[in-house]
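**Student:** Line by line, the protein sequences give chains W and P. What the first sequence shows, in the numbering used here, is residues 674 to 861, in sequence order. What the second sequence shows, in the numbering used here, is residues 873 to 1049, in sequence order.
None of these hints come from the bench; they were simulated from the model. The beta carbon of each residue, even a glycine, is placed where N, CA and C say it ideally should be. Be aware that a few hints might be false.
What the hints assert, rightly or not - If we take Cβ atoms under 8 Å as the criterion, some of the chain P residues that face chain W in the derived model are: (1) Gly878; (2) Met916; (3) Thr940; (4) Ser1000; (5) Leu1045.
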Amino acid sequence: MKQAEPLTPTLADLFVAFAKVSLSGFGGVLAWARRAMVEDRGWLTPEEFNEVYAVCTMLPGANIVNFSVVFGSRVRGPLGGLVALAGLILPPVVLVVVFAMLYARFGDLPALRHMLTAVAAAAAGLIAATVAKMARPLFDQRWPAAPIPALAAFLAVGVMQWSLPLVLVILMPASIALALAQKLRLRR
Amino acid sequence: MKWDGGTLATLAGSFALMSLFAIGGANSAVPEMHRLAVDVKHWMTDQQFTDTFALAQVIPGPNMIIVTLIGYHVAGIAGACITTLAMCGPTCLLAFIVGRTIDRFGGASWQEVLHAGLVPLSLGLIASSAAVVARAADHNWVTAGISVASAIITYRQRLHPLWVFAAAALIGLTGLA
């Protein structure tokens, strides 16, 4: 194992790397990002990757999109962030437009309809399982009240289908205050 | 395809606002996309939303490309570009600023509290997106069965999602779904 200094990519490197991550990254682009940035290219140490990733999960929006901006701008300034973002977004957008044109043309075919409905049904199950996996480490002794905001968000958005901005304007401060209260109680 | 400046402005405004509330990733905003596109603006039917969601799963790229598909459906290529930019722009600017300043904050304890406050909400929202899609896609026992089977298999095994989708598509092809 070589333990070299992290390398600094050029703008072209950034674009190509994120384009590759984007297109190979299917069902969880982030795992591919880690492989590309840490293992294949040595641009980040595992610790640095975790640190940048932790910041990105706290920001709104797609985690990998945030990651491209934070990482790109750290190594190559604002332009680096823009180039990394372009690498991540442009190739799939072109692909999406092609698929969307095909769907506009063939979307009414019953066979395609049935296949897409079945895939959506499977994806719903997949997401539910992912939530269950993610929830396990969260609901531990340190944050005993964590299920309350999770359930509140599910009821408001998933069951009642209320407006997301409206729900979060109330739930975000409430949930952070609840976390703070738990932290302070723990310290005493 | 009929669209005008007003439609494009609505797309841009709606998705820019939505992006700022997509905590925990693009999947957190799927219920809001459904509410907006199907229930409020009537841009698409429930069936079209389900198809769009499924397409976004099988096209390589980040989850957020579902907004590109919705944009294309509403206003063609211009719509696809506008929604994608609207979904990325505000959050990327925020990411850029935070990425630049985060080193200076030092203290990890406020980050921990923020994290502990936001993660449960994002879990609740992602669970909501599963519920919204299931409600739209599961209109008979076969599709409901596919959802349940997919959930159990994904929870128990580390199977690549492509295999689950391929199996589901095959069942769909038989016409039972």
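**Student:** Give a verdict on every hint.
**Tutor:** Verification of the hints:
Because the beta carbon of glycine 878/P sits about 21 Å from the nearest beta carbon in chain W, more than 8 Å, this interface hint is broken. For methionine 916/P, the suggested interface contact is broken, since its CB lies about 11 Å from the closest CB of chain W, more than 8 Å. Nearest Cβ of chain W to the Cβ of threonine 940/P: about 4 Å, under the 8 Å cut. The hint holds. Taken as an interface hint, serine 1000/P checks out: its beta carbon lies about 3 Å from the nearest beta carbon of chain W, inside 8 Å.
A hinted interface residue such as leucine 1045/P counts as satisfied when its beta carbon comes closer than 8 Å to some beta carbon of chain W; here the least separation is about 6 Å, so the hint holds.
Of the hints listed earlier, those the structure fails to meet are numbers 1, 2, in rising order.
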